[in-house]
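Input sequences plus hints: build the corresponding full structure.
Residue numbers (the numbering used here), protein chains in the order written: chain A, 4 to 268; chain B, -5 to 146.
Worth flagging that the hints you see were computed from the coordinates, not collected in a lab.
Worth double-checking, as some hints may not be accurate.
To be verified - Coverage of chain B stretches by chain A, computed from C-beta distances (three or more under 8 Å per stretch; other residues unrestricted): (1) 7 to 15; (2) 41 to 54.
Claimed, not checked - Not everything, but these chain A residues come out facing chain B in the computed CB check (under 8 Å): (3) 35; (4) 42; (5) 52; (6) 62; (7) 90; (8) 136.
Quick reminder that beta carbons are idealized off the backbone N, C-alpha and C, glycines included.
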Amino acid sequence: MEIARPTDLAGVLDALDADPAATLLAGGTDLMVEVTYGGRRPASVVALRRVDELATWEGRTIGSGVTWARIEHGPVRALAQAARTVGSPQIRSAGTIGGNLGTASPAGDGLPFLAAVDASVVLASTAGRRTLRWDEFLTGPKQNALQPGEVIVGVELPEHLPERQEFAKIGARNAMVISVASACLVREAGGATRIALGSVGPTPVRARRAEEMISAEPSPSPAAVAEFGRLVAEEVSPITDHRSTAEYRRHASGVLARRLLERCL
Amino acid sequence: MIRLTVNGIEHTAEPAGAESLLATLRDRLGLAGSKDACEQGECGSCSVIMDGELVCSCLVMAADADGSEITTVEGLAPAGELHPVQRALVEAHGVQCGYCTPGFAVAAAHLFEREPSPSADDIKEALSGNICRCTGYGAILRALTGLAGEEP
Ligand SMILES: Cc1cc2nc3c(=O)[nH]c(=O)nc-3n(C[C@H](O)[C@H](O)[C@H](O)COP(=O)(O)OP(=O)(O)OC[C@H]3O[C@@H](n4cnc5c(N)ncnc54)[C@H](O)[C@@H]3O)c2cc1C
Ligand code: FES
Ligand code: FES
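Okay, structure coming up:
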């Protein structure tokens, strides 16, 4: 196995230019499981851990190499809440937001927040940079728009983030659990609301009809909150797998939606 | 070839392919204190401190650990002595089969290094990535809350 351990972004791009099929390695918390259990044998690896440019968080740009441990103590409330639910201290000190996007699991806990605020993903190769909205980047379960030769530089948040924002996830226990359903809701003081749910569709699901309905309610009545939950449950498209059933996930989506909304009122 | 400083001693090693740091420590450097139980980050028995961070060595690609400083359970205390968390685990009977113990000791030592008097909740949080199949956790928590001078 070949490994390149560049110390700056230019070095990463050169290594990828020389070998566009190389496997990118950040914290390794997804990749090493594939190596050990999935029989993945990368012929060549480009390791990103030493690249400070990728590990910086400046204003609304979060570098792909920023770890969950840092995000957990960072300034963005709902993203910090999501970070706190990732794995365990050991997983959070190694795992990165870029790796979450690279894996593009429907259960990726960083993804509902990115979807709720309409964040973008910045990619780079020697050919230049491109910026894709989250839903252009996440194309399916474990699928994304990353091309050979490209690296995720980071995530770009919108200029304005609603002050009221909440994330919650449902799983079998508190620590070390992959979500059965998760949701992130953001709400402006004036009522405009967005909600994205994880683990209930191939990629994060925005419940747009529910958003439209509740955004028109500056101070929703209990009946409006209940209706919001009902609409969200209607809009998700969960499946049954070894972690849970489609029915439970649909129910849980409605409960999460109501709870997060109430916390934001 | 990679260079590692493990418990203050410099080593070189030749990991095969994408093997984990855990495999390199155990099979190439003869440091079998870090235990291999799940090999997928779930149990914490392979926990080591790498450049100041607590990580699962089964999830670190050894080839990417080149140049790093690692503390394993063997390095928590000088030879023949026990680290305070190790002594606390022994005295409070926080060990049964012992397979999880190196991971708990490393995770607890890492916590106490940053926070000499952690609360009971801090301790639970810091150990949430470590699984023990024998003790039921009560004795482990009693050992460490005792060390922190806290009521469990
Ligand atoms: C025990 C355990 C518990 C976990 N719990 C959770 C959880 O609760 N919630 C959750 O969301 N996830 C969880 N995970 C999954 C994992 O920790 C996260 O997805 C994490 O964010 C992955 O980041 P990483 O840096 O370790 O990625 P890596 O394993 O290094 O990489 C993952 C993938 O992304 C690619 N990649 C990495 N960085 C880049 C980049 N900059 N550009 C392009 N591609 C890149 C890699 O090539 C690889 O395909 C868990 C994993 C384990 C082992
Ligand atoms: S062996 Fe590494 S966490 Fe279980
Ligand atoms: S003492 Fe046996 S697993 Fe913990």
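Hints not upheld, ascending by number: Violated hints (numbers, rising): 4, 6, 8; every other hint is consistent with the structure.
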